[in-house]
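Going down the list, the protein sequences come from chains A and B.
Here the numbering used here is used: position 31 in the first sequence is 31, and no number is missing along the way.
Here the numbering used here is used: position 70 in the second sequence is 70, and no number is missing along the way.
One or more of the hints may lead you astray.
Claimed, not checked - In silico DSS-like cross-links for lysine-lysine, where the CA-CA straight-line distance does not exceed 30 Å:
1) A:K27 / B:K359
2) B:K185 / B:K138
3) B:K266 / A:K27
To be verified - Stretches of chain B that chain A covers, calculated by requiring three or more beta carbons in the stretch to come under 8 Å of a beta carbon on chain A:
4) 360 to 368
5) 421 to 435
The hints are simulated quantities; they were obtained by calculation from the structure and are not laboratory data.
Positions of the beta carbon are idealized from the N, C-alpha and C atoms, including for glycine.
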Amino acid sequence: MTGSLAALGMGLAVIGAGIGIGQVGAKAMEAIARQPEAVGDIRSNMILMAALVEGAALIAIVFSFLVR
Amino acid sequence: MKRYFSFIIIVFLSLSSQQLFGQQHNHDNHDGHDHSTHDHSTHDHGSHNSATKDAKAHADDGHHAPDCAHIESHEWIEGDEYDPAPTAFHHVGDANVYSIGPLQIPLPCMLYAKDTKKFDFFLSNKFGFKSIGHGDGKYAYNKYVLDGGTVKRIKDLSFPDGKVAINGIVHDHDTHKAYVCAEGKMWETHKKSTADFGIFGGDVDSNFFDFSITKNVMSMLIVFLLMAWMFFAIARAYRNRRGEAPRGLQGFIEPIFLFIQDEVCKPFLGDKYMRYQPFIMSLFFFILGLNLWGQVPFLGGSNVTGNLAFTAVLALFAFFVTTFSGNKHYWEHIFWMPGVPAWVKTILTPVELLGVFIKPITLALRLFANITAGHMVIIIFVSLIFMFGKLGGNPTAGYLTSIGSGLLSIFIMAIELLVAFIQAFVFAILTASYIGAAVEDHHHEGDHSHDVEEAH
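Excised from the complex, chain A in its bound form (with noise of 0.2 Å):
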């Protein structure tokens, strides 16, 4: 079996930051249901919420990356 321990990392970060953003993305659901009138609000707030729960996810990519 070939490949490196990096791409394990990759893997990991990426689980992380998957739940992090399926939970960003099922409250906003949750409170659009509630609110559906402040749908653009919630709407900008999801996507700002998920980019930096990304960001940390990409940071480690890189990592994994740079330390090979």
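Take the given structure of chain A and dock chain B to it, following the hints.
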């Protein structure tokens, strides 16, 4: 004119990003090989003994040591197995040729050799593109060769100047070195000219500077001209048809513009949003334009926003604007967070200070990773056709795969269209929120504790 100023500055500095940080391109980057099992950094290429060769062949899973007897042809044509990794890296990378389908448009190469102190200016068709593909050139010109789309320079100064036919280019996949096969010899090349400290395969000790107008620079120029034409036309329409309903292009852009103004600028930048709106709008529309330009199939597939050098320059703008417009409260919150105990401050200050730099870094990485990932997924889906087509020497599986792979590619491209908008929006909204945090007035959460203290 002042309103277009930030846009023009962004465009021109982005154009130079390719030269500042280099063409991110790694033709011979093979992931998945365990580099720790062998060390060939001191490998003597002149005299292979069979033991080294066997060990190397074993460790490389079939990849041969660089040897002019086995010149690598373009990865599309020959070989028992199809390896998608070089193709993927080749297609997301920058190139000195703009390929539209079978048409290969040469681009100007501007090269300065440090050893001979000579400046070379020529079109990249001097390298003689091969009939299929746009990777390797057939000729060396003034010691420069075209390797996987990018220019490299032969180290040995005894190599003849002018146009010299070469047999091919071979790579050492362990040391990431490229060798030119010509005149019965192997000539080592310098790494490509970048200042990326070797992260993307370039090196600062490279012996030449590459100021070429590459595929990415060309795409930026085209998108810049398109954007300039579009916005001047819209501005004229607003002047001439004052008070009337928007029409045509004006009607298409106005909702997008107002969406960014209402969702990004006004909520995050507060009352003085007009001061930063031109900057945010320039970022948004330039990124969106480049994202969409890279999405058009068979149009060179330029990957500008998926180039770390370019996104780093955009993030640098966001960093400088944030840092220089930061007011007293912003810096106070970074260096001495009000309303928390002193021992917490000792932890908080380094974290906040780190955050100042991590914010633009993630800004650059996010855009780069999202767009590159999208391009990669499409390339891998297309590569599936060739991988299955090579199975068992019968192309039938390839034909069958092409149907499913085509449909999947279209599906991913539809998602990428969405991502193009979302990433441009995310870049704009995050930049706006960073600037907004820097220029925010006195009301912030830290002040509540002040009030409590004063009440006591």
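Do the hints match the structure? See the list:
Restraint check for A:K27 and B:K359: the C-alpha separation of about 25 Å stays at or below 30 Å, so the hint holds. The suggested pairing of B:K185 with B:K138 holds, with an alpha-carbon distance near 16 Å, which does not exceed 30 Å. For the given pair, B:K266 sits about 25 Å from A:K27 by alpha-carbon distance, which is consistent with the 30 Å threshold. Interface restraint, the region 360 to 368 of chain B with chain A: holds (4 residues with C-beta to C-beta distance below 8 Å; minimum three).
Coverage of the region 421 to 435 of chain B by chain A holds [criterion: at least 3 residues with CB-CB distance below 8 Å; count 6].
The structure agrees with every numbered hint stated previously.
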